Amino acid sequence: MLLPMDEQQTNHLKAYGVTFRSLKRGGRAEWMLNYRGGSFLLADDPAARREAALDGVRVEDLSAAAEVQLRGVIGANNMETIPLEKAPRVAVYAPPSAAPWDDAVTMALQYAGIEYETVWDPEVLGGQLPSYEWLHLHHEDFTGQFSKFYLSSSTAPWLRDMVRLQTQTARALGFAHPAALKKAVARRIRGYVEDGGFLFAMCTATETLELALAAEEVDIAAAYSDGTPMAPDATTSLRWDRTIAFRDAVLEPSPQIASFSDIDGHQVNHPVRRQPLGAFTLFDFAAKIDPVPTMLVQCHRNVIPDFYGLTTSFTRDRLKRGVTILAEEPGAPWVKYVHGGYGQGTWTFLGGHDPEDPQHQIGDPPTDLSLHSSSPGYRLILNNVLFPAAKKRELKT
Amino acid sequence: MRLGSVVAMALWLLAGPAVLPAQEPLSPHEIVARARSEAGLLERQGRFVEAAAAYVRGLDVEPANTTLLMGLERMLARVGRLGEALPYLARAAAADPTNEIIHGLHFSVAARIGGADSAAAVAARWMATVRGSVMPYREWSRWLAQRGDTDAALAVLARGRARFGDVQLAEHTAPVLTQAGAWVEAAEQWAVAVAVNRGILSPAGASLGRAPTSLRDAMLEVLIDAGNSPGTWLASDLLLQWGRPQEGWVLLDRSLPGPRPEGARLVRRFADRAASVGTRDATLARGYALERLAQLTGGVVAEQARLQAAQAFADAGNLVGAERLLSQLSLETPAQSAAAAEALTTFIRVLAESGQVEEADRQFRRWEDQIAPGDVEEIREHLAWGWVQAGDFERAEEMINGDSTVGALSVQGWIALYRGDLATAKARLAAAGPYARPREETTRSASILVLLERVRTDRLEELGAALVSLAAGDTAAAVVGLRRAADRLPDTGGRADVLAFGGELAAASGDQDAAERLLGDALAADSAGPSAPAAALLLATVYTDAERNDEAVVQLEHLILTYPESAVVPQARRLLDRVRGMIPKT
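Listed in order, the protein sequences are those of chains A and B. Okay, so the first sequence: first residue is 1480 according to the working numbering, each after it adds one. Okay, so the second sequence: first residue is 10 according to the working numbering, each after it adds one.
Chain B extracted, bound-state conformation:
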């Protein structure tokens, strides 16, 4: 406060009541403002009846004030006296007959209090008063639909459509038709609605996506025959949702609009949605969409689209497509581009992992000069794994010859293991540590290192052979091989651990009998060894899967009471709870 103001206030206070001016009556605006303020304060204090009275004081001055009306409605609803709002709403509608907020509020309260008859009466007055508005048809039909009366809702919409035409109410008619199970008719209405408002393509797709399989082709026909591109785009979206992404892409591609920005937006949207679907077919369709996006755009956007398309093709196993895109990249992008290297790496990895290691090797040699040295190491590693899987250990070693990276050490460790040279395998895998690439390889290496630490011999060809079978995907042979390897080991010198590993593989492959025998033998060989708790838990799981719950309970109780400090005890308790019916089966 400034000094002058302080002095003026002091003088005013000294003068006291003698100079107090006569109180001016409040203006209507001030009455309304005060009523709102009082009502707000009372509402916050939970004094809803008094708050309602304050809102009424304001409404007596401004009957059509929508803020006051909504406040009154809210307060009366809180105290279960909502019906008392109706006279005020009727008065407001008379005072401001073209105000659709008031009509809407009046309708909502009348419907909640009086049900269908009151709703119909208020909606009829609204229609008569604001003759050019579709709002009463929308609100009335929505209320009817929400209470499950779809026939009545559709009748109201039909009246509105007869008066205003299909277009204005299509967006509102379509969901009600969906609710009524009239899917084909709903598709017709959505086709009309999206032609007017392309912004509702997503909700339209979500609404129609739940249609029964038997009606889907008829709906697609309706959308495509609607004769407008947005209808076709909606059909494309549905095809993507319904597991027919490639058909969806073809449809969209055929109906892309002339102007590039809109076409590019639609293609990008399709590609993103295909990515979220995630199936192989959808990934392939995404590749095609991104390839088209590259054609519709230019510069960095096109380059990025090409890279993503190459990645999508590679992920979907379309190596021809990936190669085509990568060839285009080599012409247009700087060779050292990190993104290009990533796509190339994916491409070569996919080739190697899909068993086409010769082709992967050829591609690598073709592109090697254009790839950064750091990325070359990673690709070499993928190729080495490809050769290992192909059983050609020499070429694998050749690929990483002289490479001292952790990834190369890991490959070397596994090659030694496959040859039965356990001492070298242990040394190499331990040296590679937890940072070997890829991540799943790290986990696999850590697990096998634990096993190797327990096997008390430096050389065991049978174990290497079993692991080669496992790498080739022949679990049955691996299980037999592990039994053979275990037979060469003393009970507490790794035999129990190798048997338990075999049991784990057998259980995972569904051979429950073999699993039970192997795990039982593992526990018999060394019931106090480090692998015993995990073997006991696995054996209990085998029993549970076979619905031999009594045996599972015995096994689990023994495990928990015998190895209370084991890391598998929490898992055992959970399984025990499930077997005993103490928690739901999930």
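The following block holds chain A by itself, in its conformation from the complex:
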């Protein structure tokens, strides 16, 4: 059964779900990198066929002769086949009150029918992360400043609920305030990656996770969060040897501006520095030499319209050496999608909040993915979910 992933595919996002569930049932699958948009080859299975029919996923029957021919094409071109072994156990770091529609990754997982569990601060600090192969960070603010909406949205019920929940959780876990709790959680997440976990983060979780790691001994939180203002020398006191992706960032000192640092290139909420949206281009990797980044950029479109988030993009100058750029806006001082290794594990960061809601505002209705079933931006997210399913041998780069 070939699930083509080029323009012929009728539901790209659910094709990932069909593949994932087939692996979950113990089936065999291969990811044909760069072949027709990164197609999947599944062992013929009535359950998978039925699911594909129900989900509107296009399936092509492949004879033995056609398969031989296909492998010949792959061997002769910038393509590669990657065996997929086992469906990873997926965890999403999200507050217990979060609906699946709050976050692009949970929306994608939900729509594709990929099982996941949610974990939050008590589970992370309770040492549960090692039981998952893949961890996604919901758009959390790891600086503990409630996404810096505290002053601008002080009367909004959602903000009051968030503050109450975060503060109560911090106290229950023995921390003085959320900023201290989030630093401890960030360290656990770094440890998870170091020990071999796969981390995927989007939007502001990327930037704030790094800031929390760099600020282990520095107060970078506004007074409304921890009772004391940001340390005057906070920017110069940050320790970038403790982070995994970024370096040398300058913090945004104003508690009124919902921006954290100059890691984000677009600064959507900054009255002066906000940059307009463009489009980003996926990098064309050599599939046989770099299968990992190739997996992460499998898509039927090469150029994808950009989308805002509290952290939309990553300033080039703030990336550590050795970080792999997966997608960038050519000519712009920022990139969109980055990847790297840390210890025994890997991490991938994608800027922006929702690929199909480029100007997302708080309170906007959730995105209905049945109207965007071939979304190239959402495909990037799902590439990351299947990436840990690849045979371990293939993941070593």
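It should be emphasised that the hints constitute simulated quantities derived from the structure, not laboratory data. Being a predicted model, the structure only gives us computed values, none of them experimental. The hints are all genuine.
Computed spacing ranges between beta-carbons, pair by pair: (1) B:458 with A:1578: 38 to 48 Å; (2) B:455 with A:1844: 26 to 36 Å; (3) B:521 with A:1763: 47 to 57 Å; (4) A:1706 with B:288: 43 to 53 Å; (5) A:1541 with B:567: 27 to 37 Å; (6) A:1581 with B:486: 43 to 53 Å; (7) A:1647 with B:125: 27 to 37 Å; (8) A:1578 with B:521: 27 to 37 Å; (9) A:1532 with B:590: 17 to 27 Å; (10) A:1487 with B:567: 22 to 32 Å; (11) A:1546 with B:556: 40 to 50 Å; (12) B:521 with A:1564: 46 to 56 Å; (13) B:536 with A:1601: 44 to 54 Å.
Here a beta-carbon is modelled for each residue, glycine too, at the ideal position from N, C-alpha and C.
On the provided structure of chain A, position chain B as indicated by the hints.
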């Protein structure tokens, strides 16, 4: 380049360095121009620190150059060193103490860097230096309000008002009061502000429109008692927004100014806003406003206003008003005017559709001679539909007798259908094609034609009777009638389709039990027929509405797997996603 210039340049080049003049020092103007140019280039290249240095070079020559100052501020903000702009801004303020752009920039940077204390200090210096300006009060209060400190913002405004009076700061005080929830006080300030500047009526209305219901009457009282007409106009605008358009109109009408152009503008504005509200009451108020507009203006504008007023009255069901306006039109406008015909057509259509077909017929006969032949056909068609709805098929036929237009064919088709003559109905509706008027009629005809194609009999009075019930709005009777009609048909000869149609009607009317029975029977009668996928989808929807999700999932999966090529499959997949919680409920 001209020949002389070419020769001169060649000679200059030949002479070479020996004749190069000593380099003249740059003038201050040239230094500033060069600094700006360099800074701009560096900024485009993303070299913000170097760009900032270039701006500083220019500022060393012209410390109060606002373009350079703004450039410096922009660059330093980019590199997170905005605080370094402060000495340059202070120097600029000292060099040109009356320049309020510099004070404004200084204030903005000081506030962003130093917070409330720095903002207060710079604002105080600005107030002391430019004593006659309200700008520092405006900027300071706006900054405080934006960071949520409305009390402090109001205190600053109070100081300004004590010094300059209410009028100059009213426009700025009102939104802060709104933010503080002091709606009645905000209304007072807006009344003062709009009296000075009528151009802000719209933002004032938008700002006050969100007031809580409990305070609205007090706010209206304040605006009306302010003793100026713009305050009353603002009250009128609010009444329109708050769902009391007729009161709004009465208020505006009472306070219209003497000069006609301004009065006409206000009335036109009210009429346009009423149109955007779109409720029946607002449409009626729009009619009154347009009628007044016709009185305030003359010529073509008045004629147009009268027509629009007639249309608004007709749409709102005020047929007396519509008739009054149309009577005036007949005296003043050419009878063949297309616009007049349009208004008359609307008028008669509304009469016919509202069940007053006798009156519509009377009006038609009264105006018939003055209406163009093409429009007469359309009106006749409306009247024919009116008679059909009234159940008087003979008079309907009489109205379109001899008419071979597609609209008339459609009416004839439906009359045949209501009489149970399915063969004639099919022929007439097919002949009318997709161009029958009105548009919704075309859709209805197409749907019924599909059903008729599947019913294998030429005559079925029960079906006609059921459709007559449906046309009369009695869905329950129509559903019973369709069941009766289905019982006269073989399973694959239309029975399943008529049952499915009945199920659709029952579901739409909220009778879920009847819908489930009818749709289930339709699928049992012919599970492979052309209407089966749609019936299965509808049945799944009935289950979903009843929160019987497991049954809905079974139904939907069966539909998708059994009829993969059906046009309803995408809809079924979407519903399946929703039932399974894969997409949000919308």
